[in-house]
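Undergrad: Letter by letter, the chains look like this.
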Amino acid sequence: MQVYLDNATTTRTADEVIEAMLPFFNEKYGLPSSEFGHSMGIDASDALEQSRKTIANYLNVKPNEIVFTSGETESNNLAVLGVARAKGKGHIITTSIERLSILNTCRHLETKGFEITYLPVDKHGLVSPDDLQSAIRDDTILVSVQHANPEIGTVQDIKAIGEICGEHNILFHTDASSSFGLEDLPMEHIDLATFTSHLIHGPKGIASLFVREDITIKPIFFGSNNEFGIRPGFENIPGIVGFAKAVTLLSKKYVEKMRKQRDHIINELTAIPHTYLNGHPEKRLCNNVNVSFSFIEGESVVLHLDMRGIATSTGSACSSPNLKGSYVLEAVGQDPEVSHGSLRLTLSRYTTDREIEYALKHIKDVVSKLREMSPFKDEDTFRKMAKEEHK
Amino acid sequence: MQVYLDNATTTRTADEVIEAMLPFFNEKYGLPSSEFGHSMGIDASDALEQSRKTIANYLNVKPNEIVFTSGETESNNLAVLGVARAKGKGHIITTSIERLSILNTCRHLETKGFEITYLPVDKHGLVSPDDLQSAIRDDTILVSVQHANPEIGTVQDIKAIGEICGEHNILFHTDASSSFGLEDLPMEHIDLATFTSHLIHGPKGIASLFVREDITIKPIFFGSNNEFGIRPGFENIPGIVGFAKAVTLLSKKYVEKMRKQRDHIINELTAIPHTYLNGHPEKRLCNNVNVSFSFIEGESVVLHLDMRGIATSTGSACSSPNLKGSYVLEAVGQDPEVSHGSLRLTLSRYTTDREIEYALKHIKDVVSKLREMSPFKDEDTFRKMAKEEHK
Amino acid sequence: MKYPYSKRVIEHFRHPHHMGRMKNPDAVGVAGNPVCGDVMYIYIKVKDNRIIDLKWETMGCAAAIATTSMLADLAIGKTLDEAEKLTKKEVADALEGLPPIKMHCSNLAADALRDAIKKYREKHEN
Amino acid sequence: MKYPYSKRVIEHFRHPHHMGRMKNPDAVGVAGNPVCGDVMYIYIKVKDNRIIDLKWETMGCAAAIATTSMLADLAIGKTLDEAEKLTKKEVADALEGLPPIKMHCSNLAADALRDAIKKYREKHEN
Ligand SMILES: Cc1ncc(COP(=O)(O)O)c(C=O)c1O
Ligand SMILES: Cc1ncc(COP(=O)(O)O)c(C=O)c1O
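Protein chains in written order, with this note's numbering: chain A, 1 to 391; chain B, 392 to 782; chain C, 783 to 908; chain D, 909 to 1034.
No lab work stands behind these hints, which were simulated from the structure alone.
As the structure is a prediction and not an experimental result, all values here were calculated from the model.
Where hints are given, some of them may not hold.
Pair ranges (Cβ atoms, derived) [said to hold, decoys possible]:
hint : chain 1 : residue 1 : chain 2 : residue 2 : range
1    : B       : K514      : A       : R137      : 54 to 60 Å
2    : B       : T607      : A       : T275      : 43 to 49 Å
3    : C       : E878      : B       : E418      : 36 to 42 Å
4    : B       : E418      : A       : D131      : 40 to 46 Å
5    : C       : I834      : B       : K752      : 35 to 41 Å
6    : A       : D365      : D       : R916      : 20 to 26 Å
Listed below are the simulated BS3-like cross-link pairs for lysine-lysine, each with C-alpha atoms no more than 25 Å apart in a straight line [unchecked claim]:
hint : chain 1 : residue 1 : chain 2 : residue 2
7    : B       : K503      : A       : K87
8    : C       : K784      : B       : K715
9    : B       : K514      : B       : K775
10   : A       : K89       : B       : K715
11   : C       : K805      : B       : K775
12   : C       : K784      : A       : K28
13   : B       : K651      : B       : K674
Residues of chain D placed beyond 10 Å of chain B at every Cβ, according to the derived structure [unchecked claim]:
hint : residue
14   : K910
15   : M927
16   : D981
17   : K1026
18   : E1030
From the three backbone atoms N, C-alpha and C, an ideal C-beta is built for every residue, glycine too.
Modelling step: build the complete structure from the supplied sequences, incorporating the hints.
TA: Now the structure itself:
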């Protein structure tokens, strides 16, 4: 049995999406290069604008507020750098658990004279609106807070954050890639928002940035005058068509299903002794489970599970190419010895109950086998040894 | 009959390419997010590195010299901005007939204190190596000259240009998107080169930048540490796999076929009175025909041909969304009244002789019908009226 | 085929009305210029201050061709005073609209007609 | 399944040798720490200055588990002097190599063994 439980990394492209894209590869393969050009180009232009409309309708925004980009990373950069370049200088507020495409862009801006506040989060990964309120300065130009965290699943109070930004007339960006289709987003409180295709069973290599009509941002690279002058370059028409198709397939019924499955998994796993739930117990993505097992290390869990056909992920340092542990688990205050034992399971609409039963059985078995192998059997010894070596 | 003669804008994705991509949409849909993660991610990582190797082998360069990006525009920006950011200041030399992604990036850099020389071209679109030689200054940091022009097909002497750059120790970038697979490129004289997928029957939304191993450039956006730290963001695996597959399908035999077809078309069209060949008579892409018909306007030619199933393009201002004529035809010194009547036909490996005969018949017919409708019948009146209104 | 033009524009573009040079026109009007890509010549025959025939020659884009053809339909049979008042907007409306960008650059037929009427009057008032 | 590990590593990871706690060891060695994610306990039984039995417990990644298992195979039967000289490289080579990044962070079994031997000697030299 093959069970894919890494849907926060990427999702399977839906068959309906592939079918919608196919004609744009080898039949309607034109590009909208000229308004007064040939039919193949006009068809491409129609497909582009129709797709834009589909996504705008879903979000209840205007088509000219949707800009297509190559991915979440580019959209996030376009939002943050685009505002920074339009303003020239100032103060930006973000959080310590944003994506690297936000964090490293902010770090880059620090070298250019911008000042950045990285808001802390509580032990559940929540940003406090009060913290935001007190971080605001006269020269604050932008607040960027993700809708939901892809690792621990915590969903922020975007309405409260957006209202504070609105009161102070500060632009508010949210990376809503991880929550797209899973959680409602109060678009009326948001100025810029990132949505990516590959997390909603659309193709990779395409995303969008919502840019409220009355906002001016500057492009991050230069060329032709596409996408309202904000994003040059030929449009990835098959990708855009596939993205829009994926949006039409979003449905609340999947959310309900995943929420039930998630709660079942959390109940089963937290019943294992010395196991902690990471992230918020309630304000949490319907498809996200993240737990830490004391005494064992996550890479071995992921590897054993993979050998049994189950794809999962971990925040363990041993699993990362630079041996750094998850900065998100660090930000919520988890001790490193515990975060080594973290395991993330993320569901999709295609995840079946049978797959979940299979995965649960094997997770329990693997955890018990690895714990048998571990020198640690009780929290005291484990924590004490960690503390000693911390000194 | 449907005849697509706009292959310099974009090409049909080859069926073999689609077939190669398909499994990466809904079977092997993982992402290489962790080196020590699950099999689906490892398969994605293998596909990525195998594709990189395929493209590097074709170019006879090292795999770690190939960086994947979202398109020609991004690759060109990464080359020019990437060098500019690494150097901090200096002088850049380019030409007046580069792509907008080079020209507008250079214009942006002018606002940041960089100085740019835009080399002129001769009436055939050729850059003179002597002009380059004399433009070089002590603080010149980069030369960017396209391999071939997508509009008029002129192929530059990249070896001579690269040698001059080499002698002066100046980085040399070439946008080789339009010539990829059609003209040999002396990679040993080049430091950076742009290649895009959608012009060689690969998918849209994916391209690469060759960056010689010993060169440092800075990324243009920020995030995760992918692509040797030069291009962050999750990889578009299906796109990359499709791009690599398209490279394996390149073949000299198609070049030979297209060259013959091109010469036949040029012979037939220049036999029409008051018709001029744009671009170089010999140093010209094997798939490019560009002619100007006096007395008529290109948008009507393109539209009439489209109604007969033939997709072509024109440099006429009337065909562009901002009513500006082709800056390439302007740069080669063509009078605007003549460039309005330009028609570009660009071939692909799939273009058949039958399609060409069909197109030629209809082009001749359309030109003759539109000339019948035109107030101009002789060059003298035509040019004189243009001159008068120019004053 | 979904062109950026109305069906009417496409009809006139494909099968223009009254196209061609007139043998002995009473006046010839010109608008546009080759540098911009659109040039219209309008030839009129006038009788009792009424346009009894009109022919035209146009170099230009689809909008230029269609507007000249449309104008010919509209102008023939009108008195000079009536024809002189024909506006670009009337021509465009009769064509079921034009793309905004084409309204001013290619829709020059009314100008050419006014030029022809002016020249006719200059000749006949002398 | 093409893991970043050799077949040998995967074999030992799946079916580790000599794994478990030893009832009455002559000495226990430790290496690594929970903060870094890899901890090895090595239990030895010694007779006539020779390791006649070895067991181990490891918390850690696949490389940590496989190297401890491999080390057990290599050490059992060796004299203390021989066992003391076992290097990380020898362990890695016996496993047909390790990913470079894992060479130093997870390949700690030899250190744990040396720690056990040291402790054994301290106890028995007194
Ligand atoms: C290896 C890798 N690639 C890509 C990404 C996505 O990066 P971003 O959040 O910048 O889009 C991540 C996530 O952090 C990553 O770890
Ligand atoms: C409308 C349009 N889109 C995209 C492009 C490609 O632009 P670039 O050369 O910057 O890749 C062009 C070409 O100039 C263009 O005209």
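Undergrad: Of the numbered hints stated previously, which ones are contradicted by the structure, given in increasing order?
TA: The structure breaks hints 3, 10, 14; every other hint is satisfied.
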